[in-house]
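A.B. asks: Okay, here's what each chain looks like letter by letter:
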Amino acid sequence: MTVLDLTPRTAIQPAARRTVLRERGQREVFCGLTGIVWLHRKIQDAFFLVVGSRTCAHLIQSAAGVMVFAEPRFATAIMEERDLAGMADANEELDRVVSELLARRPDIRVLFLVGSCPSEVIKLDLSRAAQRLSGRYGPNLRVVNYSGSGIETTFTQGEDACLAALLDEVPVDPSTEASLVVVGTLPDIVEDQFQRLFDAMGLPRVAFFPPRRSTQMPAIGPNTRFLLAQPFLGETTQKLEGRGAQRLAALFPFGANGTTAWLRAAAEAFGVDMARFEAVIAPARDRARRSLERHRGKLAGKSIFFFPDSQLEPSLARFVAEELDMRVLEVGTPYLNRTLVGCETDRLSADVVLSEGQDVDRQLDRCRAARPDLTVCGLGLANPLEAEGLATKWSIELVFSPIHGFDQAGDLAGLFARPITRHDLLRV
Amino acid sequence: MKLSVWTYEGPPHVGAMRVATAMRDVHYLLHAPQGDTYADLLFTMIERRNARPPVTYTTFQARDLGTDTADLFKEAATAAYERFQPQAMLVGASCTAELIQDDPGGLAKTLGLPIPVVPLELPSYQKKEHWGAAETFFQLVRTFAARVERTPAARPRCNILGPVALGFRHRDDLIEITRLLETIGVDVNVTAPLGASPADLTRLGDADFNVVLYPEIAGVTAAWLEKAFGQPSVKTVPIGTGATRDFIAEICALTGLDPAAALAASHQHQPWWSRSVDSNYLTGKRVFIFGDGTHVVCAARVAAEEMGFEVVGLGCYNREFAREVRAAAERHGCEALITDDYLEVEQRITELQPELILGTQMERHIAKRQNIACAVISAPAHVQDFPARYSPQMGFEGANVLFDTWVHPLVMGLEEHLLAMFRDDFEFNDTAGPSHLGQAGGGRPAHSPEPELAADSLGFAPAEPAADSRVAAGLSWTPEAEKELIKIPFFVRGKARRNTEVYARQSGVSRIEIETIYDARSHFAR
Ligand code: SF4
Ligand code: SF4
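Sequence lines, in order, name chains A and B. Numbering (the working numbering) for the first sequence: 1 to 428. Numbering (the working numbering) for the second sequence: 1 to 526.
Okay, chain B solo, but in the shape it has when bound (with noise of 0.2 angstroms):
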């Protein structure tokens, strides 16, 4: 058993829903209680999709148990073909159905339903979403994917895999990168799961190459085509600029073509951003970086080549990718966290205390309420995160995107002076944080219209004391220190508190004066 508070990613059959619902004319049959139907709401509420998931449950209850769950399955599989009329079905147990053992595959097989069944294995109790996502997908293409004959043509064909429903900003990076592709000179055989039908899967051998956008959900099936069908795979991840003009290059030793016009894309303002002078106090930022792997390898890239950060500290939930992460934290002469426990994450942030989070949902939390700046990078991202503008994370208006999202969050350059040379004006309410973002900045509950607060309005007991309040437990600060403290800028002050109660308790001070502060100053000073 393991203690778990907040999740970074659910069972496997959720990754599994990602498959079905980003594809068409399929429909997921799941033996599951009915509990289970709240993933529903992830789809049409953090991602507002317009329609419900393509997934029927059985919703068994206790009193089925050991009568008649296996012949509630078959009902409901029947009933749902006739109903949805999908191209293939693909059936599966969630938890508890996994240890009642009722066999969904086999049970599927006896109806004799005249369309392709694909059984779905996910161990409910091994393995997590993304692994689910990645084994569906992987399924789907065994069953259609099958070998055909060439069509000719011109120009080089590829096929684009990876992009799920749910995904961090899958939507844009596909419009991206196919417009990249296009203008390299390739064009798009097959893009799968997102918006692929099971004929579609079909097709997929009549293509010279994979484009892996998503190794986490796609890795598995691209290493599959390349062996079945010859297909190599293009592997870098187009996210940030050196690595798009890497992909690009990728793309052309394998097929020969000329990488000019796609290298000169006019879009490209985010180099000239990080170079103008005006992003002189990026230099040096301290930045931790946590989120899916993939994601977390990429944007430590951005970090340290693109805006000039330094990077503290970066690790991922996802334990499949833990080389690869391992690997990037070597490069950028950190400590790779390869962990799950969002705990051991927070921890880790309060050690660093960084000046810049580049996270999930959850490090946004631990950055609000740190007091810490914050960019959502990776999934799981909540409804906020999925905007209605344009916003790709790959390719050249990704490496935009990125810029501005980054720096937003941090106060600008100019601002920074003017709150160091006003902060003793009385008129200059510097509680009130950098005036270009709205309020605190950030999170919005994930179906409430409310911001956070929502909570504290439901009219419940007042919110528990923050977990900081208790690192403080035996330390006063004299009212001198205080005020001292509070001609700190607000944005450093509470990094300032913490280390100077680090360092007292570390030196056995239990009475913080104005001296302890300047002491821990310069024992932290870097």
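Isolated chain A (complex conformation) (with noise of 0.2 angstroms):
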């Protein structure tokens, strides 16, 4: 490290050194198809059609858990068993299903044609599939295809391969302007919060991805530069930088700290007065403190231990430890990036035990002997981990509610504070 490096960490043990405990056993985590249930949400004009088993549209109904709608924006094919006799069948199959979708549903701009780990082991090949589709029923529309499957993704990886199938449909910029993409999944509510910094800061050029519809997708080429909403993005990543586009590194945007960060990464690039940067963020900053102080006084000095799931789990530790001074003492990730998540788990104190994959009996037990005051971890481990006295929250839970921002930050501290608080308060 020469002199001149300013970074004010030298305490803290970077995680290039940091020895971190890699697993291979039973891995408790949901597939990629799970994310079907917030990006059909997202893409409102997308239809996502899973190529897959009966397990697999248990799987999406079981994690999606509330059925608002009659008719989702999602299906499966379930393959059956004279399916599995031929290929030349499961085409024909597919595209019958596919027929009797698309006369049900005229409003379809894009479907995706999500691969399992049926479809995947017999080699049905759904870009071929895709590419007749698209032959057949474009210009009107798209159809893209993606894998979801458990044997390939792990839960949030399934938004990666479906964002970065996407980019394929995403024109190239012609502009020699820059311009900046923000890019993965976010509520409606927490893309207009940033939007309309971004506007303050007089970011000219501001889009997200995936868009709201088909039909406001972003061009992205040389000139883009982009920021990742989510950590989980490594594929689509590689993908946007191999169209030259720049990749912003920053923390991701988590509580105040990280949400700063981030905000000023983008502000940097373009050159934002700092002046009229702290100006813009300065109100929601501050609101975003005042409100994790009121659960700073809950969570101060409490122990965390974090299950693998979303691969969220170092910028939420980071989040915790730094701006709720919580004690983190595991954060489990079924897969650590560490380019994209290297900022976030140098905050880390040295103490903090960084797992990559899961054994999951093994992990239950250093769980059970370290007694943390709050464990994050699946639906499948929640109740059982109550009953033997700790308190917990569900991950799932930190993946579909809108934590992102300065004006989440509060909900994101009571996330972690709920479970404490109810614990103290029950005689029962």
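It should be emphasised that the hints constitute simulated quantities derived from the structure, not laboratory data. Please read all numbers here as calculations on a predicted model, not as lab measurements.
No farther apart than 27 angstroms at their CA atoms in a straight line, the calculated lysine-lysine pairs in the BS3-like style are these:
id, chain 1, residue 1, chain 2, residue 2
1, B, LYS368, B, LYS495
2, B, LYS2, A, LYS42
3, B, LYS495, B, LYS483
4, A, LYS123, B, LYS74
5, B, LYS285, B, LYS368
6, B, LYS109, B, LYS74
7, B, LYS285, B, LYS487
8, A, LYS42, B, LYS368
9, B, LYS227, B, LYS127
10, A, LYS123, A, LYS239
11, B, LYS495, B, LYS285
12, B, LYS127, B, LYS235
13, B, LYS2, A, LYS123
14, A, LYS239, A, LYS42
15, A, LYS123, B, LYS127
Put the complex together from the two separate chains, hints included.
C.D. replies: Below, the structure written as structure tokens:
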């Protein structure tokens, strides 16, 4: 490290030197199909057709939990015995299912054919199917394929695969003027908040990807700078960089610090005057700080243990440690992408155990031994741990709720605080 | 391929999990990719189990394919045995592993585990959850049940077969029926799968007969026990007062016991609740019934004979029970709907416009969207249908529970008059819904503490238009007609609107006037 390096965190061991516990046992995580649950609500003219088994259909249904719609914009083409007999058959069947679907839903503009474990094991070529169907139904309908299978993707990696595939539908930006694209699914309300801040900073060309409608696809080219809204978008990042777009490296926008750093990366890249930047973000950042203050009293000093789930874990661990003064014991993540979250793990103190992959039984042993004040884990583990007297937070809620940005910082802290408050409250 | 939106049943290995989770000292090793572990949450979240299901998943990944998925399986089997020390191990494949053909049964055999290993062949691309549960239970019983020396006893003895994890009120039915058997004078030898260990299954032969509470799960096994050990089965499913009496009679005919004491049970409130004058308004309420075959057939009898409803339609999602359900439909003079396609069920309900739906969680949603009263009577059910309080469906207490839970969503008799009387009173807000129901009544998200609105509070796009807004395409209402519609009490307003629109379309009217409403009313009057 040279004298000129002004990085303030010299006391903390960088992730490169931190030993990472690599586990390879039973993984208790969802597969990438789960991403459909939020993706289908974001892109309003898209439909997700899983080509899979009854298990796949049951998974999405169970993960979605709520059946608000009679006909949601997703469905499963369930393969049956006779589909497995021969390839020609399966393709014909798929075409038939798609035409049945389009007859019901003529409003669809993008159809995602989503691969699953069974479709991959029998080597059903969905990219060819997508081409064939695009040819037949285009140009009003685009057919895109990606894999959400459990043998290839873990939970949020499904969104990564989806966005990477969708990039092929994105036009090249011919403009010589720099533009900003925020990449990763955010709730509309959060997008609007960010958009207002970017406007106030005077950024002229800002877009979000994925768009709310497929007709509002941003153009992307060598003059595009992009900010990741989610840390799990490794493949998407590579593809964007392949197009010459430049990633603005930053902490992820969780909490007051994270959001400030994230926005600042954009401000700096676009030459926004720092005084103006400060003036723009100050009111929202102060609101965020005040709302965090309310929860810090409850959470400071409490220990927390993350089971691997969404790849948000390193960023969330940084947030609870830095902004809520919680004591992080273990940060599990299904996959550790150092390029994207190295800046997050660098800020975790040296005694934090970082684990990648999973052996759920052994991790449960570690968790029981550590008896954290709060355990962040999947739905399959939460009640069993509660029954052992441990307070838990379902990690899936951290993916389904708006938690990004200044105005959600308090809500995010609240998600961690509520289980602990409840534990203290109950006398039964 | 079959296009599927929502499914009534999971894959067959989920059925196997329901058996394994219900039992003690069994472990299930499932060759499956990571995503399949979602099935754990069915038990821990929906049924609120306080322990993980006894299942180990191998969670193989793409990079393991073709190289060492078999080794992975063997390692997982050994580790699971060492950690959980079960009396027996079930081994099998989920849909994906079925395709890679690793032969879990054969692999497990080579390990030489010191416990019995029961291989399960559950064809994922042909069969479904109930079948998987039935097959798993059967394989376990066939492995463990042995011809035993009968122990002498003063009273007749039976086994209770069928209750599993995630069953609709299985926990409480079991308590109620065990008590009832006690009153009749019958001892229970083994209850299985719920609460039984493999060792318990070895004693199944030491009973005079079997009580089959849930034929979907225990029917196959009971038939086998009948052949193997000569144990007859009691086949009446005791849901409803009449069926409970028949159940008592069947057991007494079998054992020669006197039914008098059991028939005189003092907690039979349902018959009087139904006869009392307040219940008059229930007469002829049009009810649609859908669920698993057994619950549907039983519910239809209760609805018709014990509540005085009119059964306008019934059906089941498990084809295995199509015959029984068709026969019941014939008895009730309506058409049977045998389908696992949720959209078909919704379609039928839209056509029939019943006043009450008895169904699964799926029909609850249809009911909510169409503003029809609904009670859940069958799996699949969600977290709110696993109540903390004792609420069986079976036996005399079960009949009481049925009366309460089916009547609750309907507008109370008196209240119905008040609504009609005061509907023009400006202080009477008739959009409020039945006063004894909190909100719109009904569903909560399976695993969200918030009511259904939670999905919208996520901040994502607003709800899609409900299917029925499309029904109205091309039709318009005059302001006068709209006003007239408002005068119709809310609990029939939806039906009036739909009927009017259907009528308008049929008769080529595109603008709906007051007259159209009344024309439609007379057209549909039955
Ligand atoms: S892990 Fe594979 S088989 Fe299982 S639900 Fe996911 S895609 Fe389907
Ligand atoms: S709202 Fe949720 S809990 Fe209720 S029935 Fe629907 S999916 Fe189940």
